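Novice: Those sequence lines, one after another, are chains A and B. When you line the first sequence up against our numbering, it's residues 1 to 389, in that order. When you line the second sequence up against our numbering, it's residues 1 to 173, in that order.
None of these hints come from the bench; they were simulated from the model. Each statement offered as a hint is correct.
Here are the in silico distance ranges between beta carbons for each label pair:
1) A:175 x B:27: 26 to 34 Å
2) B:139 x A:340: 55 to 63 Å
3) A:94 x B:73: 52 to 60 Å
In this text the structure is predicted, and so the values were computed from the model without any measurement. Even glycine gets a Cβ: it sits at the ideal position worked out from N, Cα and C.
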Amino acid sequence: MDAAALRRLPCGERPHWRAQAEALGFGFHTIGGERYWDERACYAFTLEQIERDLEAPTGELHQMALDLVDELVQSEALLRRLGLPEPLWDWIAESWRARWPSLYGRMDLCYDGRSPARLLELNYDTPTALYEAGYYQWRWLEEALADGRIPAGCDQYNRIQESLIETLASWRPQLSRLHLAALRDAPEDAGTIAYLADCATQAGLRTRMLAIEDLGLSARGELTDLDDQAIDCLFKLYPWEWMLADPYARALPGSGARLVEPPWKALLSHKGILVLLWERHPGHPNLLPARWSERWEAPPGWVCKPAWSREGANVLLVSEGGERLHSEGPYAQGPFVQQRCARLPCIDGEYPVVGSWVVGDQAVGVGLRADSGPITRDSSRFVPHVILP
Amino acid sequence: MKRSTELHLLLLGSLPLVLASCESSKPVAIYTPEYNCEMVESDRRCCSDADAQAASEHPLVAPKYALKSECELEFAQCGALGQAAPGYFAPVPAGVLLDDSTRASSTQCRRGHPIYRVRDGKMYSASGVDLGHAPGAREVPASALDTPEPRKTYAGGGRGGFGVSARGFWSGG
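Only chain A is shown next, with the shape it has when bound in the complex (with noise of 0.2 Å):
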């Protein structure tokens, strides 16, 4: 084992990149005068660090979630046991059947350098920081070894654009056009859309914009768009757990509409996947121990999260001491998933979470989003990543 911890490299801002970063529609790139791109400084990993400890535990985690989803559609009682509706189950499961392909999805993990990565949560449905994981990212390295800013011959593990662009152009035979939808009035949502727009007419699609609220349904029940087109295929930057608890939900199985993610991605939304991984791979070492809580509460050294929840909203975190941390939120619903603790390192007074990126079920590369306390929040900062020569 690399005895290596991860390193965090100071590395200097580039002058202009506040201005470049508005230029090529990183508008977020500060968060209510905070950073939220935080190029002060890099993490530093090793090679084998990267591959041994990132890529492949992120393919086998990936491999290991795609099993789960076989077992879930044949079993009522898992489905029953996710809570999602019932009259949307067989659509849910056809869409597994039928091999729906998915675009992408990013795995959290806990990594200190010198310990085998853990999972802590999948964001398999609507992932964000995309663009500035898959893009600025690169962009900064390919500038910071121009200024010398970093050592020269330094690498990053990141082949999500090229990877994404390869995934879209893989659907073009059967696809001509996509439609891309996010909520009205969330600028940075609106950011990843236009970023995934970017890469479809890349990869020859014709591309569609708009916002969920939008979305129409004709009177043959097709969802439309603003010029009330039909849609072939819609990517939804909104939670399926939300979409099918919306009054259009039951139109869905008729609508004859592709869509990305695609269903079968609502039943790894849900917690209670932590849950179902563990019980099926018991010491595995790239898991945590979990297991179901009926209430909001946690022993000495767990972590206490809602089944349905998202930027780290309501978690209880209670440390080996009795030490209780908790995030705010609006999740405050069971039912809730007990995870045991897996204590971020803390890097000069950072705590890093490695973002692992699925592309087309290949594993493509990461983000860093670090946070002055131990539960990543959406105040998160992103902070990239190198591999050292």
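Given the coordinates of chain A, assemble chain B onto it according to the supplied hints.
Specialist: Relative to the frame of chain A, chain B by itself:
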């Protein structure tokens, strides 16, 4: 190497990141009392047809106000509406928008729709789309031509059936 050797962006940076504006545009022509119909339409018969269409559509589509003063806060000139909506005030049409897409061939007339001028001099369609200050032929957002007639989406279906679970706190994952 673990990274891509070459990446670029095609659209980002030039794309407005406001979803409502990511729509297609349509060719139209706009005329006003000062820049009259003959400047954009060679057939005088089409002009009188378009005037009549816009006038009959006006009471149905104009923004309506209970008080004249309320209307005048936004629009340059307001007046009482006729029988279609008695007791209401509305902006006085400032011109007519000719919809090119309603003309199947160059010998046919284009349909006319009323447009309204706000206090700063800009013109707006009845659906609230900014048409700028200047008359003449040009492209406008397709939604400028939204009319009160039932569209396909609304016929037995509708909009707004997704997004209601978001409850206003959502931003990605």
